[in-house]
Amino acid sequence: MKAIFPYPVLTGEITLVADEVMVDNTPRPLGLISDREHVIALHEVKGRWNEIRIKVTVTADAGELAAGPWTAPMCVAVVRNRTTKIRHTFELRPEGAGTWRGAVELRKGEQLDACEIDAWVVAEVGGEAGRLIGTARDRWRADFEAASPTQRRSIKMIWKDFTEEANQEFAEFRDDPWLLDAQADEPVLYLNSGVEGLRGVLEHATTTEQKITREVMAAQIASESWAAMFNAALYASGTEDGQVQWPGGWHEDVLRRMLPDLFTDRAPGDALTELVEKRAEGQSGGDLQRRVMHAATLQSRKPKAVASALKSLGRMANAKESV
Amino acid sequence: MPQDFSTWLKGMLRQRGMSQKELAAAIDVTPAAVTAWVVGRSVPRYEKIAAIAQALGVAAEDAVSRRPPAVSSSELSWIFRKAPADGGREGGNAAAFAFAANLEVLAREATQNSLDERLPGGGPVLSRFVLHEVTGQHLEAFLEALRWSEIEKHLRAAADPGQKVGRVLLDGLQELDRTKRLVLLRVDDFNATGLTGPDYSDGRFARVVRRTLDSGKAGTQGGSYGLGKAALWAASRFGLVLVNSTLSESQDGRYERRMAGRLELPWHALGADEFAGPAWFGVKDPDRADSARSWWGDRATARSLYLEREDTAPGTSFLVVGAYDGSGDTEQLEEMHERLVAGVARNFWASMVGGENADPLLRASVTSWRNGQIVRAEERIDPHRHEPARSRAVKAYLDGDTVSELTAREDVLQVTVPLKLPRAKDAAGAGPNTSGTHDAVLLITPAGDDEPRPDHISYMRATRMVVKSKKVGDLPMGHRSFQAVLLAGAATRRETPDVASAEQLLRASEPPDHNDWTGTEDLTAMYVRGARQCVVNFKRDAEQSVREALRADDAEQSEEEGPEVLRELLRLDPPKASRTQGFPTIHAVEGHVDEQSAWRVTVTVKYPEREEPWVLAPVVRFMGRDGGGIPVRWAGSLVPVKNCELTEAGNLAFRGRRGVFSGVTDAASHPVPAVMSRIEVDVPRAKEAKA
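So the protein lines, in turn, are chains B and Y. Residue numbering for the first sequence follows our numbering, starting at 1 and increasing by one per position. Residue numbering for the second sequence follows our numbering, starting at 1001 and increasing by one per position.
Hint data in this document are derived by calculation from the structure and do not stem from the laboratory.
So the derived list for chain Y, only partly shown, Cβ under 10 Å to chain B, looks like this:
1) Asp-1449
2) Leu-1572
3) Arg-1610
Think about it this way: if two alpha-carbon atoms lie no more than 25 Å apart in a straight line, the pair counts; the simulated BS3-like pairs of lysine-lysine are:
4) Lys-1606(Y) with Lys-2(B)
5) Lys-1471(Y) with Lys-1539(Y)
6) Lys-1082(Y) with Lys-1153(Y)
7) Lys-1642(Y) with Lys-1687(Y)
8) Lys-1284(Y) with Lys-1082(Y)
9) Lys-1153(Y) with Lys-1164(Y)
10) Lys-1642(Y) with Lys-2(B)
11) Lys-278(B) with Lys-1687(Y)
12) Lys-1470(Y) with Lys-1539(Y)
13) Lys-1539(Y) with Lys-1425(Y)
14) Lys-211(B) with Lys-302(B)
15) Lys-55(B) with Lys-1395(Y)
All figures in this text were calculated on a predicted structure; none of them were measured in a lab. Note that beta-carbon positions come from the ideal geometry of N, C-alpha and C, so glycine has one too.
This is chain Y alone, in the form it adopts within the complex:
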């Protein structure tokens, strides 16, 4: 809702440092007229509004719409919070410590925020990760736009190697000095709400830019821009993140390019001045001491800060300055690209699955640039490529294609797993106080041989983010590989009252990382005793259902198959050939058909060493389709090649461990032309009368 003109004019005069008299002179009216506008006694006519706008140096449109003017980059500055008078020192943003500073966590938390902020009724949220590596003049231009010169001295002062945050900073600064290279990671979302609400007090903007450790869980969306946003700051070597948001509902009459920046430093001192740590990038707020407001930016500024959004759909872009992977094993741009793809795919494959009549909740992509040149074109993350079996399961559920018994390897079995809903404590305000049961959906589908981590169950609710994926234990022997997915709460897409209760219960049972359903303080605070047990039983029942689905009904078999002790002793299956045989075997045969249409073969025979030679009578057979074979004659005698010699009877006597001979078949004995044949050679014992 636009403010009235008097408020707008008052604010603008203060911001511009212009007196009412000066304005009156500039637009050629009496000071009394200006006073009347300022106190709201009258409103100027349109021509006068245009003149006022010109005098204030803003667009006429801004004055007509009574909205704040766009800000040019020259008006921006960094404002650091003064250290508190009590001398307290903060070692950094506590929320950031809750997250491992790696790109997978960042991808997970940022995408989760985007999903939580999905515009109701809109299409899928589009989540786009863009990596920019900048060096040389690109780096210089960016640092200038960022006013690096204003913050660098603070960064160096805060880079205390004795502190956790300080060490990261120091490392980041040294890395920048050494490599003259900076990685910027922009995280865009589209079809999301954007950072709405006023600059201070409550709202999405304030929650992201002003607050820390505010989980915001009371809101209807729950968890939106909660602790997870700290992962963005944690992923920056400098604790520095810029934002540009296109709002879904206007703020002060504006929608596009609401921009701000926030730097998270620990306590530090510059000379005699002590600073609490955090700093904000924006327009100095004339109404508040040492505060910077968000600004409505122009395209040029957004572009120079790598924050220009590619279309007008509402949503937010975060720019992580000096993005890095805290685990230390991903340095190169291409590796970071891969890591982001993997991070999104692993946690959100289910959100990205769509059905015939159900859009996916999320589409995501990763792009990499180096100094304005594209390195890896936009890579749309396809859940079916990353998680074929699991994605198939979710798609079958969305399409209503699940089965109650697995018969084909693409089938998806659907089973119900009950979640008992504990009673909420009355005062906890835990919404619908329905105790009862929620029917969660368990999907099981066979996994292919190449499935990297088979036999897992993945838990999910609301936005189908993977809360946890764990291997199912105690599986029946010789079971088929599978993947299982447990859809609870809103992920079941049902609209019964138990869904909301289940969502609430499970959300309360998620620790800050949202990576399990377990006992939490929230759970204890909101529910009566036994809530934790309900959640634990739910998970256990789900795993048990998987086991039961995999177990063949073999109860009545043992009766028919005789005593177990005998079964093992009377096995009739062909024995596995032992590696070393006690008798001669063919090790290798090579051969071809010559011009006379005879087979010429060279054969290597393997046998155990013994004192007496192995006397063998090699035979060659033309093989039929079903085994067996027709023996053919050798033309002339066999030719010993290695470790063997001809006996008087024309057989071969082998010594050592391995012998080689060659031979040619007699074409006259061939039942079919050699080129139409397939042959095998065998080395039976020769029947020679012992001398």
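This is chain B alone, in the form it adopts within the complex:
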């Protein structure tokens, strides 16, 4: 879905790069910045900072900028946080044709989870000042949760001994090998380290039998988690004026991942609208749960895990016979 403008905009690429991260005026290792994935990992400063400054450079096609009907172009970096709904813009200073440099400032108390950094080039077009004529090809993500700068992030997993006195809240689930908590502002998968051998199999499987168990169990844990997360996300969605409201945050991520598998011939927006309406109408949801289970199965790659486990079992049986 591309937006169109009532005036000419730049067609050339605008690139935004993060050059340096300063936490309370102390430069941090460059390894926290991933140019490839456009991510800045800020996990290590969790809680122990007041202000983070990220130096950025924006480049646009200087030739196109000079040749077009735009005058007085300038560039701002835009910081948005989906969780806290904070948005700030920072004017960058021009540095040669088509290049701008500057810094964005993130303040503690305004940032949670992750924020997005974009760059906008604005100019006067046809006598109208301050018009947006281009945005960065890739937005950056400054992730306060990520320990390494990568877009690939999985849900949080925590080993806990459910049987321990200290973990009172798990007392009623003491024998469950795992549990997904989708109530928090982010989903957390608790793995019960009190279940003997669970950790060993999941993290340090050595024998063939252990590996088969690990793969099947992982697929099972994952598919249950996806189903639970989907249901939580669906309940977080609603409609307003007949228009569906995406829930944002991890809920939206889960929906966007799974809806195309629930309804292959519908745009995710259409699919969500229908589901929300059906829920409001008080339908039983039998059809829905069947679809959710299917989508969760695909997300957890269960078919492959089961098939290869069965194949391995067959091979082991053959090997025993031939001895």
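Following the hints, complete the assembly by docking chain Y onto the known chain B.
Same frame as chain B, now just chain Y:
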């Protein structure tokens, strides 16, 4: 140190073929007086010296300074070495076979020689490559000055297509006959020592002009005018190189325009006369049979041979006659120019980097001329343009601006890499016998996206010539692109005793091409066992240091992130949109705002083909800054353009794979004037009661 007058006079009389009696008569003194001067019993008064000079046909200044006279071009000739009596035949200069005959190798070897010959305490060596393409009368004039007529028959005789060297010669001659075009490449250096020393025996001049396969490594400079000089001859189609040197210390009382020429041919015969191959261009030496000495030239001769130097700073000019690129892919002047620039930049960018308080070791340029007209003006090679990341690294080191942790993308990380120094064999004379450790300097800096060959490590020592540049293997996944530079020995600019030992060790570990640090015969000869391992470990440690510097400290992370097997299955990042969607999507939107301030749009929709039509209710929204958007109404009904039709409810039913419709917005429903808006169109499913 000038010779005494008697020696000078004796030499001049012999050279001029004049007897003592004839001289006595010419200047009106008794023969006994001349004899007394010749045997050194007395020295003539000044007026007589002037007269003697005149009689001998030399400048009075030459006689006063007791130096050899300048030679006019008419006294020059080519002298070929006779074939040895044992009937041995040489197929060419063995040293020349050690080098690939291409311009990059030439640029590398010639510049390396210039750097090795840098005048201590002087400014940077200036290395200037000048290409001259000559045709027509310019060619004729040059060939005449060169006495081409004297050597052409030798060249043709030696052009035996059955021999490697002969084939090159034959090709060169045919090329010259066919194109009537010759490329001359002059390689100048300034602020260098120049070709000092006597004509024969030892010295820089003799090493370049007289000897082959003399690596000259025993000298303090090490490797100066060693095997590398053969690359000059290898770059000539005819094996023909002329030299003109301005000396840093006088030879026979002279400094300027010491000139000579040398032709490298294989064994050949002219009629009954057999020739060993090599020939020298100069003044016939009266003291030696069949030898040509270097001569002190005049400006006119130097100019006619394209050898005139542009200023008086000491150094040497080599003229490669019939310069070519043996790889065969560079024929045109402009291409040769580029090739030389690239060759110097690739190997010497580090030598050309200077700091705030440290001059570069080298400046280099390339110029191209065609028949006296400039084709490419002097192009000063800027290391920061050719190797931005690496040059930044070296500059930061020179300026003491390196860091111990990378925080910005211009930063240069400095790490120490130890080189264990093996013990030298006692008899090898390997200088300071300190075994111990040398701390080499490893620099790592992030590389830009446009870096052509990222993730390389470049080794260098002494003059910061790139010994080798190799890609670092086994890098951590998803690491940042970088360039690394390893400075060892004198390149560290330290003055501790281990520096000299490291230089010696690494020099010994370089093969003749100076393109690696590895096991060599020199290394085995000079050091005790294990020296090769020290060098190999050094390189390995350097690469390992690069890897460690790039590896994020991710040791404790896995604990917190849960089992790896689950991490992959529970990824929450937004999925990559697949190329083909199972539902209708907007392929393209075109539109403009009309005079009524309404948006007029034409929309292409893409969808999978199916039996039942896709019934869609297109919506148009005015977009806000943060996504979302306010729907506006269409004015009237939508207009089907292709593969679609209006339904009774006013929606569109699409068939095929791609459909087009157009529409106009209702300006009355606009939340802001259309010219202030940015719109998006979407195609949700229409909710129509099924008929």
